Amino acid sequence: MAKISKREKEWFTCRDVLWYLVFCGFAINYMLRINLNLTIVAMVLPRTKAIAIAQCNNIENHNASSLNETFRDDELSSSFPVTSNVTYEDRFVWNEYEQGLVLGAYYWLHWLSQLPGGLLTRRYGTKLVFGLGNFLTALLGFFIPYATQLYTLVFLRALQGLIAGVVWPSMHDMTAKWIPSNERSKFVSSYLGSSVGAAITYPLCAAISDSFGWSASFHVTSLLGVIWYFFWYFLVYDTPQQHPRISEDEKNYILGNINESVHEEKTKIPWRSIMLSGPVWVTTAAHWSSAWGFFTLMTQAPTYFNFVHGWNINATGILAGAPHLLRMIFSYFFSIMSDWLLRTNRMSLTNVRKLATFVCTGIQGIFIIALGFSGCHPLLAVLFMMTGTAINGAVSASTLANFVDLSPNYASILLGFCGMIVIMGGFISPAIVGILTNNNQTVEQWRLVFLIAAANSIGGCIIYLMFGTSNEQPWNQYAKLNPKEQEMQKLALEAVKCENDTENATDAEKINFIKER
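Numbering (the numbering used here), first residue to last: -11 to 505.
Worth flagging that the hints you see were computed from the coordinates, not collected in a lab. Model, not experiment: these values are computed from the prediction. Ideal Cβ positions, reconstructed from N, Cα and C, are used throughout, including at glycine. Among the hints, a few may not be true.
[Claimed, not checked] Pairwise CB distance ranges (calculated): (1) Val81 <-> Phe361: 29 to 39 Å; (2) Trp259 <-> Tyr112: 13 to 23 Å; (3) Leu211 <-> Tyr8: 18 to 28 Å; (4) Arg111 <-> Tyr221: 15 to 25 Å; (5) Leu264 <-> Gln137: 44 to 54 Å.
[To be verified] Each computed DSBU-like pair below joins lysine-lysine, with the alpha-carbon atoms no more than 35 Å apart: (6) Lys239 <-> Lys256; (7) Lys115 <-> Lys239; (8) Lys256 <-> Lys115.
Just need the whole structure built from these sequences, with the hints factored in.
Set out below in structure tokens:
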């Protein structure tokens, strides 16, 4: 292990460079993912004032809110804003259901490439898979303004989602090879660059759409993706051993502190053990609960504030983006605290992960419920939406890091498997919102949307607090086992399954069951 004194002499390490480029990479990933979420407000023809706004106008103290009146666009009494440089010829006649199709299309195939993303990373490395995942998605973004038909746009968004699906699982492989466990929570906070990307994208797209038309939003975000790829290609390497500019002190420190079971050689994947692993499924359930709430707040916030509170595109952009900046800040400092709790042995690794999961799922669910019952009170809605989004940042010290804890060797596989399931919430959530609010934009219907999200959040929290663990799983060492030991491990799994299947059987039934097997 490298001495701490030597490590402190380096004021800017290769791990620091990696953190910043990963941070920017995830920011780009989310820019390309959610630029449509806000821009669609300027792409659709103005319609009559929403029922929800009419409801809120009847609240006695509603007009007392200067904030809401400042952000209200009364120019045409429309639920959709009028911007100075967007003409009606540029807009589309889409109802809520069709808008739900467009918003959800990104996730239709996004789940399908999650697991292949983990597999491709093991073969070709994070540098190639993560980099091209963002770069090709950015190139497709240049064509979106020219997709004048609904289903052409849906196809482009679905293709973007398919390619970008490899991004998240691919990074876990690099994390396992570069980052010691007592720095892992802080490093995984770089994944929450996605939140900064969201925070920038909403006001950026609002300002660009207002000044240059909505099509310019897609050109600008795609150009940023191309610029990022240039730096990623020349500055990042898959392992410390491959990096030509890393110091010997840093390389020795990393190699002396990463898990000894992280191997370079391509090994057989213990699929059966992974699929039957309770800790993997429990962590996946918790990640689902965190993601569903976040998807609801991220994807639907612009539409919610536009329909329910009648805010224009600039107000919606600022107040939909700000919570994501808070999410990154919260993630960074919560992750530092989590790593400190581990280094000082104040909490076990499992308890640190459970604390983080309680924050990003359980407490998030409470704030989503509060948002659902905020009704026509915009200040309360902003407070609950911002806080609920911000505390989701604890996910960097929760389930995201836990997959690396469970199996450093197969971390990219685990996150890919989890993403394949969890990302489904990305298109199920908008579909449910479209069904509940189609031609029925009322406060009560939006309350149902938020209650469904809260139920998911709190349910996953309870499951993880009861059954979650961060202990390295025995099958992580599968690569080191000889064929005989691998066979013994399979027999042990069979024995566990046999015991579970015969738990309530009589002795005679157990004997017959064992003979049959």
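Task: Structure-inconsistent hints, enumerated in ascending order - done: No numbers; nothing is violated.
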